[in-house]
Structures are given as C-alpha cells and as structure tokens.
Amino acid sequence: MDQKYCVSCDEPVVDKKPPCPLMCNSPKCAAYQDRYKINTELTPIIWVLGGPGSGKETQCRKIVTEFGFTHLSTGDLLRAEVESGSERGKCLTSIMERGGLVPNDLVLAILKEAMILKAPTANGFLIDGYPREKSQGMEFEKTIAPVSAILFFDASHGTLTQRLNTRALTSGRVDDNAATIKLRLQTFADNNDLVLAQYKDKLITVDAESHPDAIFQMVKEKLGPLVLRAEAARLARVAAQGALPSAIATASAAAGVYNSQQSGQRM
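With the first letter of the sequence shown counted as 1, position 54 gets the number 54 in the UniProt record's numbering; the numbers rise by one all the way through.
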C-alpha cells in the first residue's frame with residue numbers, strides 16, 4: 001500500500017480513508033480533511049465581494065463583532081504562509097517574486113485548512129476576496145462546501161476611484177497609484193459580474209455608497225435571517241443531544257424569530 005506521512009507529526013499514514021489513523025486531528029492531515037465536512041446549516045459560509053475601496057474590510061470587522069463570525073482573507077492567509085517559512089511558503093514567495101499568479105488549488109488548500117481549524121468554534125465564515133472568478137467559486141463549493149450567501153458591497157466606479165485616490169495620499173501602499181487603481185477596478189469589473197450571475201439566487205446586495213454605520217445597518221437587516229436560522233439549528237442540535245430544556249425553548253424562539261423575519265425580508 002502506498003505510504004504517505006502526516007504533515008503535522010511526520011508519522012506514516014498508510015490508511016488514506018477516514019478517520020485519521022493517527023487520531024492527530026490535524027487540519028493538515030489529508031485523512032482528517034476528507035473526514036471533516038462543514039455543516040453550513042450550523043456554520044454558514046458567506047463570500048464577501050466588493051470592488052477595491054468598497055469598504056468590505058470595515059464591514060467584515062463589524063460583522064465579526066456583531067455576530068461572532070470568523071473572518072478569513074485569502075490575502076492574509078497567503079502572507080501568513082509566506083512568513084511561516086514553510087516549504088509551501090517558500091513556493092509562494094518564488095511565485096510572487098516573479099510576478100506569477102498563485103495556483104487556485106494552492107489557495108484553496110490553504111483556505112480549507114484555515115476553515116477546518118476554526119470550524120469547531122466558528123458561528124460562521126466570512127471569506128473575503130474569494131472567489132475572484134466564477135471558476136474559483138465552483139471549485140470552492142466542490143472542494144470545501146456550498147456557499148450560504150454572497151454579500152456584495154455595491155459602489156459605483158466613480159465612488160471607488162475617489163476613495164482609492166483619497167487613500168493613496170496617506171496609505172503608502174505600492175498599489176495605490178493612478179495606473180494601478182485603474183487596472184484593479186477594471187479587473188474586478190471584468191470578473192465580478194460573472195460571479196454574481198452564477199450565484200444570483202444566493203446574492204445579497206448592499207448599497208455601499210453611504211457612511212459605514214448606515215451600510216452596516218443594512219448588513220444587519222439582510223444577514224439577520226441567515227444568522228438566526230443558523231443559531232436555531234445549533235441550539236436544536238444541542239437540545240437533541242440531551243441538553244437542558246431551556247435550550248429547546250431558546251431554539252424554538254430563535255426559529256420563530258427567523259421565520260417571521262424571513263417572510264418579510266427581501267434580499
């Protein structure tokens with residue numbers, strides 16, 4: 001039988017099928033990854049999309065504070081991998097230094113590991129900056145789990161340009177210059193419409209032209225039903241496993257609030 005090694009503990013893994021034969025439960029162990037499936041009814045997955053300057057990072061921070069979601073940025077994950085000095089990080093450094101694109105399967109592998117590691121304590125996931133293309137979204141759902149919703153922060157080209165130009169005055173970022181800003185906005189526009197069209201049934205559009213606090217009020221209204229449904233599902237599971245009767249009452253109440261809000265909610 002073909003022998004592989006567990007990445008985390010360097011012990012031989014001869015059985016590729018779940019459960020993990022070493023019981024190490026490492027997110028880097030292929031057997032553990034195959035066994036683990038994210039239940040999106042309990043832990044919803046939201047893709048957060050918006051052009052450069054749309055304010056999605058600010059809104060993600062507010063969502064994390066309000067709902068206890070876990071925010072994962074593919075850019076942050078890739079930078080952390082590079083800084084770790086791992087073999088995979090060295091590979092990423094080489095790709096970036098020559099100006100190449102990071103292969104999607106590598107991005108997905110890093111993203112999946114982070115999600116598996118955090119899933120046991122996450123109320124939900126905000127995936128920031130992914131997918132950038134329709135094919136990436138389809139591969140995510142095939143490799144990790146179906147997306148629960150797409151939260152799109154919609155702002156006009158003029159608004160995005162103005163915000164980025166204002167930020168460029170003080171940011172010191174190398175990609176905050178007129179030529180790069182124009183290219184980034186065009187690249188986003190070329191791909192984003194295809195992603196939104198593919199997932200139009202799960203699309204939640206938020207007008208991102210307003211003040212951040214006003215935008216977040218809209219976010220709370222539109223995400224509320226999804227969050228309440230997941231909370232009700234988690235509490236129902238606890239109740240079904242023999243928890244205190246109060247959990248049953250809480251689950252029923254949460255489900256009732258969700259149902260009433262869903263009937264009047266327009267996404």
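Note that these hints are calculated values from the structure, not bench results.
Among the hints, erroneous ones may be present.
[What the hints assert, rightly or not] No more than 25 Å apart at the CA atoms, straight line, and that leaves these computed lysine to any residue pairs for SDA-like: (1) K62 to A80; (2) K222 to F67; (3) K222 to A80; (4) K118 to K182; (5) K222 to G129.
Comparing the hints with the structure gives:
In summary, the hint linking K62 to A80 is supported, as the alpha carbons are separated by about 23 Å, within the 25 Å threshold. Restraint check for K222 and F67: the C-alpha separation of about 13 Å stays at or below 25 Å, so the hint holds. Only pairs whose Cα atoms come within 25 Å are accepted, and K222 paired with A80 is rejected, the gap being roughly 32 Å. A C-alpha spacing of about 36 Å is found between K118 and K182, which places the hinted pair above 25 Å, so the restraint is violated.
Restraint check: the Cα-Cα separation between K222 and G129 comes to about 20 Å, which is no more than 25 Å; the hinted pair holds.
In the structure shown, a violation is registered for the earlier hints numbered 3, 4, in ascending order.
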